[in-house]
Every structure is written in structure tokens, then in C-alpha cells.
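Heads up: the protein sequence lines correspond to chains A and B, in order. In terms of my numbering, the first sequence opens at residue 1 and continues consecutively. In terms of my numbering, the second sequence opens at residue 1001 and continues consecutively.
Since the hints were made in silico from the structure, they are not lab data. Be aware that one or more of the hints could be misleading.
[Stated by the list, open to error] When the alpha-carbon atoms are kept at most 25 Å apart in a straight line, the in silico SDA-like pairs for lysine to any residue are as follows:
id, chain 1, residue 1, chain 2, residue 2
1, B, K1013, B, Y1328
2, B, K1036, A, D13
3, B, K1102, A, A32
4, A, K48, B, A1186
5, B, K1102, A, L78
6, B, K1102, A, I12
7, B, K1036, A, R73
8, B, K1196, A, C83
9, A, K48, B, K1334
10, B, K1196, A, G75
11, A, K48, A, E60
12, A, K48, B, P1143
13, B, K1033, A, F37
14, B, K1334, B, A1313
15, B, K1033, A, D53
16, B, K1036, A, A36
17, B, K1036, A, E52
18, A, K92, A, I12
19, B, K1033, A, C83
20, A, K48, B, Q1194
21, B, K1196, B, L1007
22, A, K92, A, I4
23, B, K1036, A, D71
24, B, K1033, A, E52
25, B, K1033, A, A32
26, B, K1036, A, E47
27, A, K92, A, E47
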Amino acid sequence: MAWIDACATDEIDEEDLIRFDHEGKTFAIYHAPDGAFYCTDGLCTHEKVHLEDGLVMEYEIECPKHNATFDYRTGEALRAPACVNLNTYSVKVEAGRVMIEV
Amino acid sequence: MARDYSLLGPDAKRAVQIGLAAAEWYHTDIPRKEMKALMQRADQPAIRDTFILFGCMVLFAGIGIALWPSWWSAPFWLAYGVLYGSAMDSRWHECSHGTAFKTRQYNDWLYQVACFCMIRNPVSWRWSHARHHTDTIIVGRDPEIAVMRPPALFRIFLNFFGIIDAWHGWGRMLYNASGRIHPEEADYIPESEQPKAIRVARIWTAIYAATILLALVTWSLLPLMVIGLPRLYGAWHHIMTGLMQHGGLADNVTDHRLNSRTVYINPISRFIYWNMNYHVEHHMFPMVPYHRLPELHEAIKHDLPAPNPSIWAAYAEMWPVLKRQLAYEDFFLKRELPASAKPYREDFHASALGAAAE
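Chain B extracted, bound-state conformation (with noise of 0.2 Å):
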């Protein structure tokens, strides 16, 4: 049967009957104090980072202004674009979390900047994500799969571009700056919550409204290569590191080690990804830092699947996968365990299990 990965479909009802929509999730076991001190956070790491970050925004753009309209200034655009549409989405991730910072009004701002960037309502997407936490990739339960079954293929392709997040996105933000939350958005955002969303997307639109003044009186289109646009041009490279998160594994399961995955990626992405490269190891704990991950993986990599080695080598696993489930739907990854794992609940996983890859 076809999946329904609406949040008020038939697929939510089962999740829930069955108990996949649980609080419950496997964890390797690790020694209390170790945990404590993974979970530590420090603001150092981060404020080194978002200086990177921000001087490097302000580097590039200023050059991208100083060389407009020419084709010279385009490597620069391409650049800001990356830290605006790629690296602000970690940055709205790990700071959804309040583990980037250890005070907590940096962690605050830093993602009240970085959801406009992204286009994602601070409210509505502080609640989707807690929800992704809760139920990952549970069909009908989880508002943020991004690779369903079928692939919508085109719809990924397009997404490089950020051609239909970013739709959504202002679509979305107009619908609550017009005083209006959607039913989906109801399901997990609760009431009292809801008008700090509206009230978001209402800022929102006035900055917006702003620019494409601004871009009107000058007749150009500077200030939206500044504001807007560099969610598109420079959307690529969280949309390729997001799908390998979780692209071809399992659904419908409560053990991260089968329905996400680790990949190596090179210093450059990382610092882009801020480590969400260790997605297990950060769906496992979702509390430890971005900066202790890479930590927490020697700790607990003797009871995960062996990470994928380079970028290159996930995409090469996950596309055989995706294009066969373009045909036959219930096709996944069974990711394999070593031998110093504590084996997988078969038992709770028999359903996805059965079509799993040899």
C-alpha cells in the first residue's frame, strides 16, 4: 500500500496505534560520567565559528557588490550564497537544539537569523523538529522526510536550487502573516505557541516587502543577491549533504543505526554541515554539541554501522537504492552491524525488515 506521509493521514493513525510514535529510542550504552562530559556545553566553539561565518558573508558579498554587475563577481556570489542557503540551515539546526552556545541568548539569536535565511518559521520549525526527534522517519509522523517513497526525483533536482523549499517557505510565510496556521502546522505546534509564528512571518514579509523596494527604486537586483536569492543559488550544498541523512534507509523504525546515516566528509563541508556529517551519533544524543560529535563517534562507533567514507560514497550506495525505489516503493538499505554490536531489534522490526537489501 502506498505510503500517506501526511501528518493527518491513515499513516499517522497506525503510527500511533502500533507504537512507532513513541518517545522511545535505542541508545548505546555509554558510562554516565562519559555522557556528562559530551554533554557539555561551551560557547567558544561557536562564536570562533559564526565569526567565521559572518566575516566570511560580509567578505564575499562585498566583493560580489564591488564587482556588480560583471560575471567577475559570480565565484563570490556562489560563496556567500553556501554560508546564507547551506550553512545557516546547520546553524538553524543546532541552534533548534540550544547546544551550539552554552548561553542560551546566542543560541536565540543565531537561529532566529539563520531560520530567515532559510526561510523556516522559528516557531513552526523549532516544533517540526521536535517532532523529527521523536519520531523519525514514522511515515505520517515526521514533517521533515526528506526523501519519501517513491522519490520525487525531479523534486529533489529542483531542491538543489531550493527551488521548492524556498517556495514553501514564502508561501508559508505569507499564509501566517496573514494571521493563519496551517492544519498540519496545528498538529504540532500547540495554541499557545502559534502566535509567535504569525508574528514572525509578519517581520519577515516587511523586510522582504523592504528589499524588493529597495530593488525596485534602484532598479536592480542587488539587494535581493544579497537578501532572498542566495536561498536559491545557494541552496545545493545542504540539500546534498541533508539527503544523505537518512536517503534509502529504513522507515517506520525506532533504531537510528537502521534509519540514518555517518558519513566522512572533508573540512571544508564539515564546517558548512557544523558536523551533522555524525547523524546517528546526533539522533542518538541529541543533547551533545555539534563540536563534542566527532567524540562521541570514537565512543560509540564499535556499536554503529561503518560510516560511509566521503560524500561520493554515500551517494554511490543511496542511488541504486532510490532508483529501485522508484519501482518498488518498500525497497531500503538494511545497514549491517560489526560484531561488536548489540544486534537490532529484530523482533520490533520485522515489517521493514522484510524488503530490506541483502
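For reference, chain A alone in the conformation it holds in the complex (with noise of 0.2 Å):
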């Protein structure tokens, strides 16, 4: 496990994601409503699509192709047809940058 520099706190408005690749997978940094940045994996666990398309709505991202829903803090599945939660990934904040841990 390593802490990897994902992108600057400024690059996500709030409630709001971004898509980072790092060694050929793909993640999702949300900037949550109160402030925090949360990761998780970047594919819908139901087909594969790019969350990053989605849409966040306080703490959930919902899949761009079928509606589903997460919490991205947790990861958990919450809606139909995603039945897998998605991994999620620690995350820290230094000097203005977002860091995960991978």
C-alpha cells in the first residue's frame, strides 16, 4: 500500500467526482457536501461503466447507464441493479492535494 498524489482539492467542486487512473485501474474522488474527499473504484460493479459520468447527490453517485446508487463513503450498493458494493480507499489531504492510499 502507498499513498499516491491523485490531484489538487480545487480540481473537484463540491458534490462533485472526478475519474484518476493509476496503473491500470481506474478510481472516483468525490468532494462531499461537508467537505471530505472519499474514493472509490471509478467502475460501476454492475456493468462496468465510468462513475466518473454520474452524478453525485450528497453522499450517493449514481451509475451514468442504469441508475444505480452508492454510498461513496462506504461503498455500499443502494440501488438496483448494482448488487456489489464498490472497494473504497483511504484518503488524505496535504497541502492542497488529495492523496489515496492504493
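From these two lone chains plus the hints, build me the complex, please.
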């Protein structure tokens, strides 16, 4: 496990997300309404669609293809057709940078 | 070679092998902030529309009951039937996406009611519709293809009166109520969800049994005019609008500009259909709520084929294609793009485009 510099904090609007690719893996990094940052897998567990095109609503991310939703803080699948949770990753902010542990 | 639309047949395997069955689809470039604004949910439009819908249903059914058995009740039953047997189709659909209301429970409640009216198991159809959006009009993968090739015109005609759909729906309800899941359903419903489909089917069977019992006790069709039969006598509008969605267009492509149709329609039909006449837009961006689709259409129409100007125009375009498909099933209508649009991926679609109309 190592901490990776993913992006600047101001690159992600509040209540939104961006995609971050690292060593062949895709992550989604979220800026929550309370100001905190979170990180999950970047692909929906249902059909592997990129979550970056989805919609963040408070603490949920909705997949752009089939409207599956997840709690991005825990990765929990909240709405069909997703049944499998997203993996989540630790996040810290240092000097205006978002770091994820992968 | 004839198309095999079964989900467990050779075309299904072929679609997977050649990469047609995939969750990738063309979508028009649109700035993230603009898209995010269009995707925002709201309760108010759907609450308003739902009050209008159920208010009209109570009014029309009430007058129908008051005038029963006079033929003067017929127009009110026909109006009630369209709301029950057609408007509920679009309510089922939009709520399955979870985009009609902002509040999830509201979506779920209306979804359950609309599924009951349409005799579509809420569990099965949620999954089948997810597959429809993943593999839109991919032969052997999409369980919701309304117009197959060659088109079964007599079956389509019967469905204007709900006959095939409702018969199938009631049959599947009894099948599921007996504790079984059909093998084709099992292809797209996860095992963990299957008991829910059985439970719903049993509840519905009990409701229908009570309605039929009431009809027998009162020796009157009236209870069935309110529950069940409107699925037949009110189905025509959802078939009329539903056939336009993909009829006569390309199959086995992943660009929804090729396989879907946007049509401008009158305000009453738009209310019944909940704006699904913007069908290319809906397939390209299924997260956009029905009430924002006109705005989405304005934002991306430069990249889409010109919409058909009316329901009549859509059928005038579609009918000759369906007739020709009776003899030559590879034939389809290739939609032309405006000069401002990004081109189709001709390389990927070459096999389908080879038989396109000029």
C-alpha cells in the first residue's frame, strides 16, 4: 500500500467527482457536501460503466447507465441493478493535494 | 440468416463474442456542469403529474361507474383505460430509472402501482430494462425489442388491444406465483433478487383473485372494468408511441442515433408518454429526468438526426420499412445526421449499414 498524489483539492467541485487512473486501475474521487474527500473504484460494479459520468447527490453516486446508486463513503450498493459494493480507499489531504492509499 | 431473438440462443452468444454486448455507447459531448444541471432531480413536476393522473383516473372511473351499464359510460372508460393501460407504462419506465422523483420512496411507490397496472413484475422488469439499456436492440441480448425482424404485424396489431402483452403478463405472473423463475428471466435477474419477483407475483394473484371474486359475487363486469381490463382497452396509446422508439431502425449497433427515434408529439400524448418521445436523448443520457428531456434535446440536437415532426410522420417513415422487412429482414432505415453532428462509427457499424436504405 502506498499513498498516491491524485489531484488538487480544487479540481473537484463540491458534491461532484473526478476520475483518476493509476497503473491500469480507475478510481473515482469525491468531494462531499461537508468538504471531505472520498475514493472508490471508478467503475460501476454492475456493468463496469465509468462513474465519472454519473451524478453525485449528497453522499451517493449514481451510475450514468442504469441509475444504480452507491454510498461513496462506504461503497455500499444502495439501488439495483448494482448488488455488489464498490471498494473504497483511504484518502488524506496534504497541502491542497488529495492523496489516496492504493 | 434469420435473427434469433431468444436470450439464450446463438445470436446472444455472437453479440457477446463480437463485442456488441457492452456497456459502452456513443454520447454527445456536453460540458460536465451543463450535464450535471440537467441530471438534477426534483419532486415537484412528478408530484404535480401524479396528482393530475390519479385525479383524472378517479374522475373518469367514477363517472364510468355512475353511468354503468349505459353506453354513455364508454368514453369515460376509454379515457380511464388510456391512463391505466398506457400512462402507467411510462410511469413504470421512468420510475424504474429512479429519475421521476427526487425522493426515492416516491419513485418506488409509483413504480409498484404502475407495474401492477401494466402486469410487469417490478423485479423482473427492472432487470430486463437495465439489459435493454445496456444492449439496446442487440439481437439475443435485449429482452424488450418491440418490433423484431421480420415484423410480426398481426401480433403488433393484437397488442394495440394489449392481448399478447397482457396474456404474457398474466401467464408469467401465475408462473412466478407458483414459485418458479423462467430460464430467460434467470439470465438477467440475479439469484438474490428472484424471491422478490415470486413474492410480488403472489400478491398480484391475490388482488386479481379478489377482483374476479367480487365480479362473480356481484355478477358484473364492473370490478374488472376498474382493475385488469383497462390493460386491454387502454393499451393502444403506449403501443402507438412505443413502436416509434426503435421501429424500422438499425439493430446490433451501439450508437443510439442509429437505433432510436425522437418524435415531436402533442402535449396530451407527451403527458401520457412522459416525454419519452425524446427517445434518442433518453437512451444517450438515461439519468436525465423526463421533465428535463426537452432541454437536453435543445442542447444536443445539433448532433442528432432530425426528429420526426409528428406521430403521423414517424409512422409514414416506419411503415414502408416494416413492409419491406417482411420480405427482406436485413433492411432498415439509416438515420441521416446533420452536418453539425459527429459521424457514426462506420467501421463498427459496417455490417449493419451494408443493408441500409439510401
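Hints, one by one, checked against the model:
no., hint, result
1, K1013(B) - Y1328(B), "24 Å, holds"
2, K1036(B) - D13(A), "11 Å, holds"
3, K1102(B) - A32(A), "19 Å, holds"
4, K48(A) - A1186(B), "21 Å, holds"
5, K1102(B) - L78(A), "15 Å, holds"
6, K1102(B) - I12(A), "24 Å, holds"
7, K1036(B) - R73(A), "20 Å, holds"
8, K1196(B) - C83(A), "14 Å, holds"
9, K48(A) - K1334(B), "30 Å, violated"
10, K1196(B) - G75(A), "24 Å, holds"
11, K48(A) - E60(A), "17 Å, holds"
12, K48(A) - P1143(B), "20 Å, holds"
13, K1033(B) - F37(A), "19 Å, holds"
14, K1334(B) - A1313(B), "16 Å, holds"
15, K1033(B) - D53(A), "11 Å, holds"
16, K1036(B) - A36(A), "20 Å, holds"
17, K1036(B) - E52(A), "11 Å, holds"
18, K92(A) - I12(A), "14 Å, holds"
19, K1033(B) - C83(A), "29 Å, violated"
20, K48(A) - Q1194(B), "23 Å, holds"
21, K1196(B) - L1007(B), "22 Å, holds"
22, K92(A) - I4(A), "10 Å, holds"
23, K1036(B) - D71(A), "18 Å, holds"
24, K1033(B) - E52(A), "13 Å, holds"
25, K1033(B) - A32(A), "17 Å, holds"
26, K1036(B) - E47(A), "21 Å, holds"
27, K92(A) - E47(A), "29 Å, violated"
When each numbered hint is compared with the structure, violations occur for hints 9, 19 and 27.
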